[in-house]
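We have chain A already, so just place chains B, C and D on it with the hints.
Number of protein chains: 4
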Amino acid sequence: MDQHNATLASGLVSSTYIQQGADALCTRRKLIKTLLSQRSLPKHGWDEDTVELFIKDAAYMDSNNFLNSVGVGEREARVASRLVAKRHFGLAHGIGRSGDVAAEQPKAAGSSLLAKMTNILVQDALKVAGMLDVGAVTVLPLATGMALTLTLLALKAKRPQARYVLWPRIDQKTCLKAIVSANLEAVPVPCLLEGDELRTDMPLLRSEIERLSPDKIVCIVTTTSCFAPRGADSLVEVAKLCRESGIGHIVNNAYGVQSAALCSLVTSAWRKGRVDAVVQSTDKNFMVPVGGAVVAAGIQDTSLVNAVNKAYPGRASMTPLLDVLITLLQWGVSGWRNVLEQREAVYRYAHVQLEAFAATINERVLTTPNNPISIGLTLANLRQVGPLSVPADQTDRNSQDSSNLQR
Amino acid sequence: MDQHNATLASGLVSSTYIQQGADALCTRRKLIKTLLSQRSLPKHGWDEDTVELFIKDAAYMDSNNFLNSVGVGEREARVASRLVAKRHFGLAHGIGRSGDVAAEQPKAAGSSLLAKMTNILVQDALKVAGMLDVGAVTVLPLATGMALTLTLLALKAKRPQARYVLWPRIDQKTCLKAIVSANLEAVPVPCLLEGDELRTDMPLLRSEIERLSPDKIVCIVTTTSCFAPRGADSLVEVAKLCRESGIGHIVNNAYGVQSAALCSLVTSAWRKGRVDAVVQSTDKNFMVPVGGAVVAAGIQDTSLVNAVNKAYPGRASMTPLLDVLITLLQWGVSGWRNVLEQREAVYRYAHVQLEAFAATINERVLTTPNNPISIGLTLANLRQVGPLSVPADQTDRNSQDSSNLQR
Amino acid sequence: MDQHNATLASGLVSSTYIQQGADALCTRRKLIKTLLSQRSLPKHGWDEDTVELFIKDAAYMDSNNFLNSVGVGEREARVASRLVAKRHFGLAHGIGRSGDVAAEQPKAAGSSLLAKMTNILVQDALKVAGMLDVGAVTVLPLATGMALTLTLLALKAKRPQARYVLWPRIDQKTCLKAIVSANLEAVPVPCLLEGDELRTDMPLLRSEIERLSPDKIVCIVTTTSCFAPRGADSLVEVAKLCRESGIGHIVNNAYGVQSAALCSLVTSAWRKGRVDAVVQSTDKNFMVPVGGAVVAAGIQDTSLVNAVNKAYPGRASMTPLLDVLITLLQWGVSGWRNVLEQREAVYRYAHVQLEAFAATINERVLTTPNNPISIGLTLANLRQVGPLSVPADQTDRNSQDSSNLQR
Amino acid sequence: MDQHNATLASGLVSSTYIQQGADALCTRRKLIKTLLSQRSLPKHGWDEDTVELFIKDAAYMDSNNFLNSVGVGEREARVASRLVAKRHFGLAHGIGRSGDVAAEQPKAAGSSLLAKMTNILVQDALKVAGMLDVGAVTVLPLATGMALTLTLLALKAKRPQARYVLWPRIDQKTCLKAIVSANLEAVPVPCLLEGDELRTDMPLLRSEIERLSPDKIVCIVTTTSCFAPRGADSLVEVAKLCRESGIGHIVNNAYGVQSAALCSLVTSAWRKGRVDAVVQSTDKNFMVPVGGAVVAAGIQDTSLVNAVNKAYPGRASMTPLLDVLITLLQWGVSGWRNVLEQREAVYRYAHVQLEAFAATINERVLTTPNNPISIGLTLANLRQVGPLSVPADQTDRNSQDSSNLQR
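Protein chains in written order, with our numbering: chain A, 79 to 485; chain B, 79 to 485; chain C, 79 to 485; chain D, 79 to 485.
If we strip away everything but chain A, and leave its shape as in the complex, we get (with noise of 0.2 Å):
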């Protein structure tokens, strides 16, 4: 309904409402208007139908799309239900060509579109979580497990002769496999008990790397959200011993991304040593369905990101990307923002209850001050048999103040 078709709408109905009319669809194209050309997330969300709109003139600018049109070729993006089709609204092209994943398609224009505009949009969301000085953001359509033993592929490929990965122990099965998946062998670097926290053993780090010599080892592999008591890992320290040795260094940030601390600890490391790679999750940080994760480099370096999206093999689905982009475009900034502190607020709560909690059954929450996502509790007490007696008032509290917690 532009100017041209309100004035044939006129006709029909008097020229001032829809004026008027008009006036508010222009509104909202203006929406799509700023996204285009600012390229940035958002101030504030946009409304679902927006959100909607920009999606489906994406979509019809896919070739598959393209009314009156018959294509002969393999790669035609032919969807046999219309059940599938409508949940992708139209899209069926994916992303990436045979020799980049951030390639653009000359069949899918607005695909492409698309998936350029959620790296843009995540790379803003990024800082305004705290992530500072990020050079290059690629959203993969693989989780945080494939997409690590990914970039560690691609990382290899730049030191063939490189066969080991360094790796501070987190008790998490996905990120060994990641390895191991990558045919690579991971040499776990057992922490340092530091108080109640488990930390970075950095001495033991050192001598495994002289053990087993620069050149032989691909990359030190660092944990930043894990369970406590362990905490997050000296991120810095590593950054400058890799730096110092030569060897890589890929930081699993899997759901960091929604702590202000771990994202100003990557921030630090990439400015002050050798950080390769971040790479965190879609689902945990950005919540939306399991499926995506975001590989990301800091201004100093960021080829291996480059490399990661050369790497990757053919097309690939986007329904990672399309997920973030709408959470992302419905958030806009405010709505991220209020997002993260609400996580904080929420643990902070959470800290507070679960010590007063400890008290009353004589144990006591566990000091990780590097561990600003998960609280440990002792149960050095906890020797009876049959049912907690939970104190009555405590229960009751607790009832109550459940509701903070739902969303």
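If you are wondering where the hints come from, they were derived from the structure by calculation, not from laboratory data.
None of the values given here were measured: they were computed from a predicted structure.
Beta carbons are placed, not taken as given, at the ideal position from N, Cα and C, and that holds for glycine.
One should not assume that every hint holds.
Calculated pairs, DSSO-like style, for lysine-lysine (alpha carbon to alpha carbon, straight line, at most 30 Å) [unchecked claim]: (1) K134(D) x K294(A); (2) K134(D) x K134(C); (3) K121(B) x K185(A); (4) K194(A) x K108(A); (5) K185(C) x K164(B); (6) K164(A) x K164(B); (7) K111(D) x K108(C).
Which bits of chain A does chain B cover? Going by a derived footprint, with three or more residues having C-beta under 8 Å, they are [claimed, not checked]: (8) 95-105; (9) 126-135.
Below, chains B, C and D alone, put in the same frame as chain A:
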């Protein structure tokens, strides 16, 4: 994604691809432009996406969908449930104003536009079906019976002294109820048996007019579509009689639009005599859910249709109009023609098959040349007790052919 | 996924997980079970998914959605457009039969069930809103004006000699039109100014009854919700007068359900005098798209509501009922209560703010204690030409507070 | 609406109608029951509604959709955007666990069930297409290229000393990239020209194995579906050679499922020699959006498919599986067969038309009997400068026939 946006997007995806996509979008939007400028049923049906595009664009023009707008009145079309809003595409103002169901609403330019367009397309569709010289059409959000009542009330208002409605009898409750609910007195006029068929008893009709006195008679309500062995009323003769006698004439054409013969009959009637309004169902003729009716008049006299619009007190549901609009846009002239032809073909097929079947059980299909919609079967010899023994080969043929009847 | 299916699925996924999932499904279905057995508005609102589950289950029970079934009649609820079918959840038969809009349809068990349930839940909702002793409720797929017309027609049928409708005047076109469209004669009775407020002129009403003679009067149509400075009519006094005089009484309670005071007024009226029917809008009270009205009566006399149902000729659209059903299920008692309380709070807030604002421009808010819905402002000193100069701090406060008014 | 609910509903609507509706619902649910008990592709396709019913029932079994449940972990499948949640039917947990992409998830019984069912139905679909003795199937949420990389990594893990991949050359970038991305060394083996067609050079392949030494070779990657004039590789001969030499064999069957000839070739290959895995695209074969691949193996050796599942690090997107599941359920055996037959018919038709056309421009269609998917045309005499002059009647015929190619 107008030209300006395409230029903006070209910075992200190469301009050749973007331009190709923008052209495709333009082709799609051109369909809407053509509809608004030509104001006629499109030659070819639109795909579902373009239909949605059009309706949503219109919905965004209604004040309840304006971004950044807060309403404080009692007519703000607030919708509490997202599920409800979605099924109405955000359209919530309904149609009409206090004064006129066909009037435009200041707060709802889009709804008003869609309502106008519905009436225009239905007028076209009636023409394609064979109803010529249509002068006025209004689609009411009332099913046939209630639409008849409203039409009768509007006619009665013009003839305040009259209270009788002459009604060549059909065995269907709704029409009778429609008369009674208007607080008018129905005077059933029995039909005449001509061969197998029940036809309008013109002499009796004439004598009833004399008996009751023309100025006491609001109108004659004739029927076209009905169950065999009743045939369509002698519309032309009745129309002439009404003109002569100066009494009204309303045609109950409930499911007659689908028959070219009945449409032709209506055309002849308003060309040669008096027809104040022809009422037909939207669900039976246009295959939409129950809820709407079309009140039409020939170019000879459109005053009653206008009076009906003006008689409607207040606003009304838009749903029945929107259902028809969507369906007609998806059909276009060619699709609608196709539906009509298929109906005729299925009717002929059923006729032939029933005749063949009837012969096998020593019965016959009734000869009802004035009923092109329903088929009657004698049951004269059907004395047999126990399950019907259908000849084996007949059963096979039936099951084989049944697919022809399926949609 | 009943117990039998859970057992079958256990071969594919371990039975512990399947059982947990099956239990969750069971919890959801139990909500439906409770609705069907208790037949009252659920305490707490349902989530959208459960609402859809219930409606779709009902839709599958309508014959047009039977698998492997071919219909050959004219009432098969064929729907041509998938887009149309989807927005109606596959429900296409509408409601009612030739004889009664509240009657069940043999081919549409599901639609019939949903329609019955709607009437039941609306009756509950009226009670929650403060309308007590409700004896009969019918939700009509007609907006308020047309519903008034139908109610007047049904009442007139019971009083064939009568033709006048006494109408304490309000300046709103629809109600007048509703009377005229029923081919009845509206006799406006001017209001009396008491202080700022316009109130029912009981003596005049009495004398008009005498003047016209009770047996010539169909009814008095009173109004509750209206624009200030008119207050709600003196319902109790009118109801008593109607009982004395033996004439009908219809209350136009268009948007009065939202006000506890008006609901209470209605209750008193039918407890203490004669009220044949109270008509209210579904869109204004239950926040659904325009298209439906609720006709209610107290337990003292439900005959007119039943007559209205029986007067409705033919079937009718189900949409307005379904919209209300969905909304009420999503609200539940607690959600509906919340909406009502919020309305009262916003009204009080607006009243205070307007008073403060009026003071700054040397005007005042009218004292209209019998109008709990609308607020009037004097414009006595508003002589200024040119743009209104609002005190600067007032503007700020307004913009700051406007968010409170947003939904 | 089980029997218990039907009884409850019978109080509202007469039990005959309710029972009929309940029976219809039962018929629909029985389809699901049959799927769960027989665990095979349904004979006839399901309607869209039943497919949604099944998926939604499963979704309600995932913990994120439990009513009245609050999650506090990091794997709660929280979805921020309603638009995103809707397009995934509420499914958000993805598939797999840290250890195995085919493993079930404790918190997601429904997702796990759907994933299992997808693999089962795809195995059936391969059989219908002509791939016999299928022993293991896994549908990966990775497009063909990345699925090849993962498969190569899993195979390499079993042959740690090997690093070469012998690759009968095709001119397509993705496959080469898939090898390189796995950090393996691709050794292209040029094809042999036999007549018009390019075929596997078996002697050269043999000599390359000797040259590089079998224990240094991970596998041979052969190709079935490709552009003419290259024919499908000599799968059986290569399979035998691989068995003899003790090296792996992976078949790139990207879009070969649609061809009965290629399916038969695969069957022969794994019956007569060594085939570790056959990789095919979901989008090209099952007409879904880009994003998935099927890795299959014959009953002779399913170890690599199992290794691939276990090699997948972490969870993964469910979308590509769900798209295939929906499509196969909507097709059933008969619909899928129909798609396959139509493809073959269109291919033959295009072949004949191209031959006729080629004759008119003094060219010919290449004879490539081992390529049942793509058609090559000589351009030997195409020296003409300027626009191609197509014989007039040919153009007409083309435009006339184009409708046959449209979906």
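Tested hints:
1. K134(D) x K294(A): violated (51 Å)
2. K134(D) x K134(C): holds (12 Å)
3. K121(B) x K185(A): OK: K121(B) and K185(A) at ~29 Å, within 30 Å.
4. K194(A) x K108(A): Given pair K194(A), K108(A) holds - Cα atoms ~20 Å apart, limit 30 Å.
5. K185(C) x K164(B): holds (27 Å)
6. K164(A) x K164(B): holds (15 Å)
7. K111(D) x K108(C): This hinted pair holds, its Cα atoms lying about 21 Å apart.
8. 95-105: Check passed, 8 qualifying residues.
9. 126-135: Coverage by chain B holds for the segment 126-135 of chain A (5 residues, Cβ < 8 Å).
Hint violations for this structure: number 1 only, all remaining hints satisfied.
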